[in-house]
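With the hints as constraints, model all of the structure from the sequences given.
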Amino acid sequence: MFWKMVAGALRRQKGKHVMIAFTVGLGVSLATAMLGVMFDIGDKVNQELKAYGANLNVIPRGASLLGDKYQLAGDDGGEAAEEVLAANYIREDELYKIKMIFWAYNIVDFSPYLTARVKVGNEEINLVGAWFNKHLSLPTGDEVDTGMASMKSWWKIEGQPVDEAFPDGVMVGRNLAGKLKLAPGSTFEAAAADSGLVKTLTVRSVFSSGGEEDDEIFAPLALAQELAGKPGLVQRVEVSALTTPENDLARKAAQNPDHLSRQEWDTWYCTAYISSIAYQIEEIMPGVRVKPVMRVAESEGTILHKTQLMIVLLTILTLLCSALAISNLVTANIMERSVEIGLMKALGATNLSVSLLVLTEMLIVAFMGGVCGYLAGLGLARFIGLAVFGTSVEVKTVVIPITVLMILAVTLLGSLPSLRSILHLRPTEVLHGR
Amino acid sequence: MSKNSFFLARMLMWSLLRRRSRLLIALLGVTIGATVLFSLVTLCYDIPRQLSREFRSYGANLVFVKAGGVGRMSLAELNQAAALLPAEQLVGLTPLRYESVRNHMLPYTAVGVDFEEARKTSPYWRVEGVWPARSGEMLAGSDVAEKIRLTPGQSLTLDGRNEAQERYDKEFKVTGIVSTGGVEDGFMVISLSDMEEMTGEADRLDLAEASLTSNSAALSEISAQVKARFPGLEARPVTRVASSEETVLSKLTALVYLVSLVVLSLTMICVATTMMTVVLERRREIGLKKALGAENRRVAREFLAEGLILGVLGGFLGSVCGLFLAGAVSASVFGRALTPEPQLAPITIAVSAVVTIVACLAPVRRAVDVEPALVLRGE
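Which chain is which? The protein sequence lines are A and B, in order. With our numbering, letter number 244 in the first sequence gets 244, and the count goes up by one each step, no holes. With our numbering, letter number 97 in the second sequence gets 97, and the count goes up by one each step, no holes.
Everything labelled a hint here was simulated from the structure, so no lab data went into it. Be aware that one or more of the hints could be misleading.
DSSO-like cross-link-like pairs, simulated, lysine-lysine; straight-line CA separation at most 30 Å [claimed, not checked]:
1) B:Lys-147 x A:Lys-179
2) A:Lys-156 x B:Lys-147
3) A:Lys-181 x B:Lys-66
4) B:Lys-227 x A:Lys-181
5) B:Lys-251 x A:Lys-44
6) B:Lys-120 x A:Lys-291
7) A:Lys-291 x B:Lys-173
8) A:Lys-44 x B:Lys-120
9) A:Lys-291 x B:Lys-147
10) B:Lys-173 x B:Lys-147
11) B:Lys-147 x A:Lys-252
12) B:Lys-173 x A:Lys-252
13) A:Lys-156 x B:Lys-251
14) B:Lys-66 x A:Lys-119
15) A:Lys-156 x B:Lys-227
16) A:Lys-97 x B:Lys-147
17) B:Lys-251 x A:Lys-396
18) A:Lys-14 x B:Lys-289
19) B:Lys-120 x B:Lys-227
20) A:Lys-16 x B:Lys-251
Take a look at the structure:
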């Protein structure tokens, strides 16, 4: 009987119910899309902010401490030199470990650098060796392609990209190319400043960075190691990692992780703070120091935080708006049916059964609207993601329970004022037409 | 006032007063719609500006140097060129001067800055301890501090020779350790005035960092102007900062615009549906009026006038609420006050009036077409 009445009411008032379902659907689609964007915006913006380049610098532990001592001890040879070498360089074959830390998947790109002094004509120039399109096979079985190209998104490169497949192909800074009259395709001879080793190099491209790199040559790492006489060694590594914005815990940890309590330490270690990623790299590669680039790290935090806050506020606004619209419609609908409800009460229906009937009806309508709205919302989120970031926004599953709860709450709350009026409704009065 | 219009006004007033609760619902709907409209448009107008300020935390995006990057400029020279910078977009301008100094025979680079300005152009400096406030105080780079075991509160003497080969020395108190992950980690940072006093040489600047909220096209423009008017100087945009900002900022702005557009259109639909139900509810009343001899046009006019009043009133209330809402959002997200745009209020009122009237049109037309007898019988 109950379900028959619900079905009857649904059929009879089709137009109004479609309208309610439509509004609920609109509200839900908007909420789904906004919640989807809200949960995903952090990752998306973070990815965009990678345009600012590396946020971690890995340097040998001795580089800053022994920099002066090196001048004294470097030429001695023997054991002391060995020690100094180890303190001032990182071994290239250890770099894969960076991709094996706890937060390995947050390491987007990394590239080592080694500078060799070379002579071209009478000019003494820095030739910087780096990874460009380096393929690594990790002991974990993962395959990784990394290099500096995506870490220097602001560089303007004319010509073919430098690639490990062309061991003598180099990239020349704009200023230097002008001075030496080099263009993509031309060849020149470079002699190592120390050993006098002469190599014939091919210019693959000319780049402009807007910084001091415009006076330098960039080459595959192996070439720079040969010219510098430092086989298998690199001077520093730049790492670009996705990080969680800094907070007080991260700042406290950055000063000294040992001062944290056990629980704080666990939280810190298992969160992708820039300081915890730095700590983990230092842990896995003894003998290096990892310095967060504050300019990038701090700004990332600020901008991420602001954008997220903005989207959260917009989402709340949207949710409130759709909640009010839905509750308006529900109220109007119930008020309109006072005659019908009066009749039911006159025939002996209790307040409880009438309320239950109306609520069930509303929930069914809202649920149907909600399902359509959810599907529409998925599309909307996809569209926003594609239009703005060029990649689709994946709506997380956590959005579903939130939306269901929202539909329930909004429909129930929206029906409350009208339910109250049902309770106070006197059958004689409404049936009389007043 | 003619009899007709007087009657219309009285009917309107009655209908507005009698059905207070339902009208409140409609008014609430319109007001909320207008609030969202007003605050979103205001924010959209303001967000690129605000965000571009946030991006200044990446540091300077324009660097002044002597033409060709060789030699030193004077403060007067810099100030003349800096006058070209748009004042309202200038976040900070820090002149820098580098000197080689020694401490216990070990060489260091000392950089002289204006600490007040440096905090504006390089907000990412992380200082353990406090920023220097008085003459004779300094910050030590974290690498330097680690190397010679400096802690905030210690004192050290810097000495060196100036261009005239005269020896100088001065004692400084370290108030903080600065770490940036960049070159500053290896510097001794002192105030520019201390450096001038210490070396006995004034008015020599190596470079000046400017942080502007302008986009990269505007920066190139400034750079070209400086080149044309002051041939001795060069203003180089920092490509890394400027072009990256352009990429990210344009995406963020697009996101906000798109989301606002979607929210706005859906809000307007919600306002429309609310109005529709409010009108549909009154079919009995329309039937009664028609039975009493009212023409269709007259009934429609009454409803539309009601819609207009609701729209204007809702739009006005919405503009007021929207101003506060936008202000609150701006204050909580960006921590800065919002520049109010009063010209948006009439637009908001007009839009909400149009939306309400349009939303009323369809149901009113349907309602006036009904047979009075049918409606009054309750079918």
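| message | For a C-alpha distance cap of 30 Å, please report whether Lys-251 of chain B and Lys-44 of chain A respect it. | response | Since the Cα atoms of Lys-251 of chain B and Lys-44 of chain A sit roughly 10 Å apart, the hinted pair holds (cutoff 30 Å).
| message | Would the hint linking Lys-156 of chain A and Lys-147 of chain B be met if the CA-CA limit is 30 Å? | response | violated, 38 Å
| Distance restraint between Lys-97 of chain A and Lys-147 of chain B, which requires alpha-carbon spacing of 30 Å or less | holds, 28 Å
| task | Mind checking the alpha carbons of Lys-120 of chain B and Lys-291 of chain A for me, to see if they're no more than 30 Å apart? | result | holds, 23 Å
| said: With the threshold set at 30 Å, check whether the alpha-carbon distance from Lys-173 of chain B to Lys-147 of chain B stays at or below it. | reply: Between Lys-173 of chain B and Lys-147 of chain B the Cα gap is close to 17 Å, so the pair holds against 30 Å.
| query | If you draw a straight line from the CA of Lys-16 of chain A to the CA of Lys-251 of chain B, is it 30 Å or shorter? | reply | violated, 40 Å
| field | Satisfaction of hint between Lys-147 of chain B and Lys-291 of chain A, Cα-Cα up to 30 Å | value | Roughly 15 Å between the alpha carbons, so the hint for Lys-291 of chain A and Lys-147 of chain B holds.
| query | Is the hinted pair Lys-156 of chain A and Lys-227 of chain B satisfied, with a Cα-Cα distance of at most 30 Å? | reply | Roughly 23 Å between the alpha carbons, so the hint for Lys-156 of chain A and Lys-227 of chain B holds.
| Regarding the pair Lys-227 of chain B and Lys-181 of chain A, is the alpha-carbon distance no greater than 30 Å? | holds, 25 Å
| said: Can you confirm whether the C-alpha distance between Lys-291 of chain A and Lys-173 of chain B stays at or below 30 Å? | reply: holds, 26 Å
| field | 30 Å limit on alpha-carbon distance, applied to hinted pair Lys-44 of chain A and Lys-120 of chain B | value | holds, 28 Å
| field | Distance restraint between Lys-147 of chain B and Lys-252 of chain A, which requires alpha-carbon spacing of 30 Å or less | value | Holds, at about 22 Å.
The structure fails hints 1, 2 and 20 (numbered hints given earlier, in ascending order).
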